[in-house]
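Same order as they appear, the protein sequences are chains H and F.
Residue numbers in the first sequence follow the UniProt record's numbering, run continuously in steps of one, and reach 305 at the last position.
Residue numbers in the second sequence follow the UniProt record's numbering, run continuously in steps of one, and reach 305 at the last position.
If you are wondering where the hints come from, they were derived from the structure by calculation, not from laboratory data.
Any given hint might turn out to be false.
Which copy is meant is left open, so a pair is good if it fits within one copy or across any two.
Taking lysine-lysine and the DSSO-like style, the derived pairs with C-alpha atoms no more than 27 Å apart in a straight line are [as the list claims (entries may be wrong)]:
#1 K224 to K38
#2 K255 to K271
#3 K131 to K255
#4 K32 to K241
#5 K267 to K149
#6 K149 to K26
#7 K302 to K65
#8 K131 to K149
#9 K26 to K271
#10 K158 to K26
#11 K255 to K293
#12 K302 to K182
#13 K158 to K224
#14 K272 to K158
#15 K271 to K38
#16 K293 to K65
One-letter residues, chain by chain:
Protein chains: 2
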Amino acid sequence: MLVLGHMNPDTDSIVAAIALADLFSKRGIEAKPVAQGKVTPESAFVLEKFGLTAPEVVTSVAGQKIALVDTTELAQLPGDIAQAEVLAVADHHKLGDLSTPNPLEMWVWPVGCTCTVLKSMYDFYGVEVSKGIAGAMLCAILSDTVMFKSVTCTEADKKAVEALAKISGVSDVMGLGMEMFKVKSAVEGAPMRDLVFRDYKDFDMAGHGVGIGQLEVVDLDILKPYVDGLYEEITKLKGEKGHHTIMLMLTDIMKEGTEMLFVTDDKAVFKKAFGVDAGERSFWLQGCMSRKKQVVPDFQAKAFA
Amino acid sequence: MLVLGHMNPDTDSIVAAIALADLFSKRGIEAKPVAQGKVTPESAFVLEKFGLTAPEVVTSVAGQKIALVDTTELAQLPGDIAQAEVLAVADHHKLGDLSTPNPLEMWVWPVGCTCTVLKSMYDFYGVEVSKGIAGAMLCAILSDTVMFKSVTCTEADKKAVEALAKISGVSDVMGLGMEMFKVKSAVEGAPMRDLVFRDYKDFDMAGHGVGIGQLEVVDLDILKPYVDGLYEEITKLKGEKGHHTIMLMLTDIMKEGTEMLFVTDDKAVFKKAFGVDAGERSFWLQGCMSRKKQVVPDFQAKAFA
Numbered sequence: 001m002l003v004l005g006h007m008n009p010d011t012d013s014i015v016a017a018i019a020l021a022d023l024f025s026k027r028g029i030e031a032k033p034v035a036q037g038k039v040t041p042e043s044a045f046v047l048e049k050f051g052l053t054a055p056e057v058v059t060s061v062a063g064q065k066i067a068l069v070d071t072t073e074l075a076q077l078p079g080d081i082a083q084a085e086v087l088a089v090a091d092h093h094k095l096g097d098l099s100t101p102n103p104l105e106m107w108v109w110p111v112g113c114t115c116t117v118l119k120s121m122y123d124f125y126g127v128e129v130s131k132g133i134a135g136a137m138l139c140a141i142l143s144d145t146v147m148f149k150s151v152t153c154t155e156a157d158k159k160a161v162e163a164l165a166k167i168s169g170v171s172d173v174m175g176l177g178m179e180m181f182k183v184k185s186a187v188e189g190a191p192m193r194d195l196v197f198r199d200y201k202d203f204d205m206a207g208h209g210v211g212i213g214q215l216e217v218v219d220l221d222i223l224k225p226y227v228d229g230l231y232e233e234i235t236k237l238k239g240e241k242g243h244h245t246i247m248l249m250l251t252d253i254m255k256e257g258t259e260m261l262f263v264t265d266d267k268a269v270f271k272k273a274f275g276v277d278a279g280e281r282s283f284w285l286q287g288c289m290s291r292k293k294q295v296v297p298d299f300q301a302k303a304f305a
Numbered sequence: 001m002l003v004l005g006h007m008n009p010d011t012d013s014i015v016a017a018i019a020l021a022d023l024f025s026k027r028g029i030e031a032k033p034v035a036q037g038k039v040t041p042e043s044a045f046v047l048e049k050f051g052l053t054a055p056e057v058v059t060s061v062a063g064q065k066i067a068l069v070d071t072t073e074l075a076q077l078p079g080d081i082a083q084a085e086v087l088a089v090a091d092h093h094k095l096g097d098l099s100t101p102n103p104l105e106m107w108v109w110p111v112g113c114t115c116t117v118l119k120s121m122y123d124f125y126g127v128e129v130s131k132g133i134a135g136a137m138l139c140a141i142l143s144d145t146v147m148f149k150s151v152t153c154t155e156a157d158k159k160a161v162e163a164l165a166k167i168s169g170v171s172d173v174m175g176l177g178m179e180m181f182k183v184k185s186a187v188e189g190a191p192m193r194d195l196v197f198r199d200y201k202d203f204d205m206a207g208h209g210v211g212i213g214q215l216e217v218v219d220l221d222i223l224k225p226y227v228d229g230l231y232e233e234i235t236k237l238k239g240e241k242g243h244h245t246i247m248l249m250l251t252d253i254m255k256e257g258t259e260m261l262f263v264t265d266d267k268a269v270f271k272k273a274f275g276v277d278a279g280e281r282s283f284w285l286q287g288c289m290s291r292k293k294q295v296v297p298d299f300q301a302k303a304f305a
């Protein structure tokens with residue numbers, strides 16, 4: 001069985017794939033973590049820190065047995081996913097448009113991170129988390145919950161971090177988090193396309209193609225010199241994909257808000273979805289840090305209504 | 001929150017709704033079990049046996065908060081489910097075409113019965129199952145697994161029955177099962193439409209409407225006098241629904257096989273799906289007792305390929 005997360009894998013997608021493959025293996029079911037792309041600098045930092053290897057890159061899964069982590073959206077899965085057999089899902093997102101011909105195992109909870117769900121799965125099956133995987137899971141939770149600041153963060157996420165810190169021997173959890181987010185904030189020298197795709201997802205919303213990317217930094221000033229280039233890049237990307245709208249969330253994790261850079265066929269969608277008058281190419285959303293909870297639901301429900 | 005199962009509710013759908021509403025209530029989340037139709041004679045027997053009340057019938061859910069049990073198929077849900085907010089799912093079927101705008105809680109396992117999943121949810125949340133609900137859950141598992149004979153039955157189902165028997169004080173589990181299946185086998189005096197709908201589900205398969213019903217009896221001879229009437233009824237139903245195919249599984253739980261009564265636009269679908277040459281209006285499938293595992297997957301994957 002291959003354990004696989006979404007396209008443009010973030011740290012949760014990478015670490016959850018490693019952890020779920022580990023859990024399956026320890027339950028006697030052969031499983032291997034894979035990924036739909038190279039790891040980000042943040043993930044590379046986490047994997048190195050805890051002595052783990054980046055999953056092999058796989059983009060075609062026809063004929064394979066699959067466990068999915070961190071998504072059930074067809075747009076974020078390999079194009080031939082319908083020719084694979086999806087046997088398990090661990091996720092913390094909205095339910096997407098995946099459907100299966102056979103019964104399967106699904107653990108989906110409204111918590112901040114797939115790795116929080118996985119910690120409970122380990123506990124449920126009475127399997128121990130190894131030290132290295134525990135450290136990486138802890139980092140994935142800090143990353144997804146923006147060090148507990150995101151509205152997606154729940155008590156379950158905090159409890160999981162507490163337990164994983166003990167197992168992994170991490171004593172300064174927040175210090176490790178800041179170290180990780182500084183790595184994540186580094187943009188110097190990266191091609192624009194890489195920055196847009198660092199954490200990017202496509203959605204089908206009422207028949208309209210919508211792309212939403214996110215860059216999280218410890219200070220928005222870091223991104224100032226890159227905004228023109230990023231705008232050019234999402235404009236190009238919109239043309240290639242034939243999308244209705246592409247948004248790129250430039251999120252300041254200390255100011256706790258997002259400068260939303262966009263290209264769209266119709267600016268009215270932002271008024272409808274977020275109640276804001278969009279500027280020429282961006283607008284500020286104070287308090288908005290979560291694509292999953294603060295952007296996707298409003299946009300899906302209201303933008304095309 | 002309303003807790004709701006599929007159309008034409010079977011015992012699992014009814015009891016799982018009662019149990020999940022109970023579990024939510026005991027976790028401090030107000031919840032009420034409802035159903036999309038009247039209970040079957042089998043369910044009425046189970047509810048009365050354990051002092052439970054049949055859920056109120058609800059066919060419209062717009063604006064409501066919803067927890068689903070036993071299905072994620074839109075065709076088996078109220079037509080206005082998209083105007084409701086689905087917050088939780090407990091199920092043991094294939095993943096259907098439901099999708100949600102928001103993150104949710106899902107417990108879906110490849111076991112024989114939703115109530116088996118619910119027993120683990122009670123355990124996970126450290127909530128006790130009350131005596132009456134435990135007895136009804138036990139019956140739901142016996143019903144869905146045809147007293148452990150169905151291919152859908154797993155070790156988890158047997159373990160759940162063992163634990164629920166202790167809680168409910170049921171000493172003769174198989175005796176209770178036979179008593180229940182005798183009630184289920186009773187067809188005398190029932191209108192044909194009621195018999196077809198006793199356990200009936202609609203599916204959308206590659207754009208084709210497909211209806212599959214099932215009657216389980218302890219001896220197929222019980223149904224002999226009714227076959228003509230049932231055939232007439234599914235022919236009428238096919239016209240009303242505009243379906244491609246309707247199948248009615250006449251399952252003999254002692255002989256462990258199914259006489260498949262059908263009407264279809266194209267008999268070739270049965271050759272493609274099950275490798276059988278269908279008779280004029282029926283064919284026998286030895287060993288076939290499960291719609292979910294032995295009919296739906298093959299039909300969905302092969303009938304229209």
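Hint by hint, here is what the structure shows:
Taking the shortest Cα distances, K224 and K38 sit within 27 Å of each other inside one copy (26 Å), while across copies they are farther apart (63 Å). Only within a single protomer do K255 and K271 lie at most 27 Å apart by alpha-carbon distance; the minimum there is 23 Å, versus 64 Å between protomers. For a Cα distance limit of 27 Å, the shortest separation of K131 from K255 qualifies neither inside one copy, at 33 Å, nor across copies, at 53 Å. Proximity of K32 to K241 under the C-alpha cut-off of 27 Å is found in neither arrangement, the shortest distances being 31 Å within a copy and 45 Å between copies.
For the homomeric pair K267 and K149, neither the shortest alpha-carbon distance inside one copy (29 Å) nor that between copies (59 Å) is at most 27 Å. Within a single copy, K149 and K26 get their C-alpha atoms no closer than 33 Å, and across copies no closer than 29 Å, so neither meets the 27 Å cut-off. Proximity of K302 to K65 under the C-alpha cut-off of 27 Å is restricted to the inter-copy arrangement: shortest distance 19 Å between copies versus 37 Å within a copy. Taking the closest pair of Cα atoms, K131 and K149 come within 27 Å of each other only inside a single copy of the chain (25 Å); across copies the shortest separation is 43 Å, beyond that limit.
For a Cα distance limit of 27 Å, the shortest separation of K26 from K271 qualifies neither inside one copy, at 50 Å, nor across copies, at 41 Å. With identical chains, the CA atoms of K158 and K26 are at most 27 Å apart both within one copy (25 Å) and between copies (23 Å). Taking the shortest alpha-carbon separations for K255 and K293, only the intra-copy value of 18 Å comes in at or below 27 Å, while the best inter-copy value is 52 Å. Taking the closest pair of Cα atoms, K302 and K182 never come within 27 Å of each other, the shortest separation being 35 Å inside a single copy and 52 Å across copies.
With identical chains, the CA atoms of K158 and K224 are never at most 27 Å apart, being 33 Å at best within one copy and 61 Å at best between copies. For the homomeric pair K272 and K158, neither the shortest alpha-carbon distance inside one copy (34 Å) nor that between copies (52 Å) is at most 27 Å. For a Cα distance limit of 27 Å, the shortest separation of K271 from K38 qualifies neither inside one copy, at 36 Å, nor across copies, at 45 Å. Within a single copy, K293 and K65 get their C-alpha atoms only as close as 30 Å, which misses the 27 Å cut-off; across copies the closest is 17 Å, which meets it.
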